[in-house]
Amino acid sequence: MVLIVTEPSDVSSHIVAQYLTLIDVQYCYLYPNCFHDLFDFETLNKDIEKYTGIWLRSGLHFVSTANWNPAFDSQRKTLDDYIHFLFENVPNCIGSLQTEYHHNKLIDLKLAEACHLKIPTTYLIYNKYEY
Numbered sequence: 181m182v183l184i185v186t187e188p189s190d191v192s193s194h195i196v197a198q199y200l201t202l203i204d205v206q207y208c209y210l211y212p213n214c215f216h217d218l219f220d221f222e223t224l225n226k227d228i229e230k231y232t233g234i235w236l237r238s239g240l241h242f243v244s245t246a247n248w249n250p251a252f253d254s255q256r257k258t259l260d261d262y263i264h265f266l267f268e269n270v271p272n273c274i275g276s277l278q279t280e281y282h283h284n285k286l287i288d289l290k291l292a293e294a295c296h297l298k299i300p301t302t303y304l305i306y307n308k309y310e311y
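The numbering used here applies: residue 181 is where the sequence shown begins, and numbers increase by one.
Please note: incorrect hints may appear among the correct ones.
[What the hints assert, rightly or not] No farther apart than 30 Å at their CA atoms in a straight line, the calculated lysine-lysine pairs in the DSSO-like style are these:
{"id": "1", "residue 1": "Lys290", "residue 2": "Lys226"}
{"id": "2", "residue 1": "Lys285", "residue 2": "Lys257"}
{"id": "3", "residue 1": "Lys257", "residue 2": "Lys230"}
{"id": "4", "residue 1": "Lys298", "residue 2": "Lys226"}
{"id": "5", "residue 1": "Lys257", "residue 2": "Lys298"}
{"id": "6", "residue 1": "Lys285", "residue 2": "Lys298"}
Treat the hints as calculated values from the structure; they're not laboratory data.
Given these sequences and hints, build the entire structure.
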């Protein structure tokens, strides 16, 4: 199963999910602030390892603020950073939530290839009007 970490409104992750369905690969989404729906802090390492692939598309906060005491904001960042570290330091992970907005798509393609994903013909463009 592939874990897709993204925002609910991210169109590209939904397109990838459609492709995964076509090639009969199971997947699930993890949206920011919904971390507790899929994971438990006590079994976090084991829970992350059960995924055959992890795509970190977008979303920076895992710890929900719904019942959060603002006095503990520094601890929230510490927990978020720890979760990022766990996700980003497994061999089957593509992307980095910390650097997602300034990443290199060529590196992403190479990492996807290393995870045995089939990469379609790829064109590099700098804006949507070039192609």
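Discussion item. With the threshold set at 30 Å, check whether the alpha-carbon distance from Lys298 to Lys226 stays at or below it.
Written reply: 27 Å, holds
Worksheet item: Are the Cα atoms of Lys285 and Lys298 separated by 30 Å or less?
Response: 15 Å, holds
Fill in: Pair hint Lys290 and Lys226, alpha-carbon separation not exceeding 30 Å
Cα-Cα ~26 Å, so holds.
Discussion item. Hinted pair, alpha-carbon criterion (30 Å max): Lys257, Lys298. Please report holds or violated.
Written reply: 35 Å, violated
Discussion item. Run the distance test for Lys285 versus Lys257: straight-line Cα separation, threshold 30 Å.
Written reply: This hinted pair holds, its Cα atoms lying about 27 Å apart.
Worksheet item: Under the criterion that the straight-line Cα-Cα distance not exceed 30 Å, is the pair Lys257, Lys230 satisfied?
Response: Holds - the C-alpha atoms of Lys230 and Lys257 are around 25 Å apart, at most 30 Å.
Checked against the numbered hints above, the structure breaks only hint 5 and satisfies the rest.
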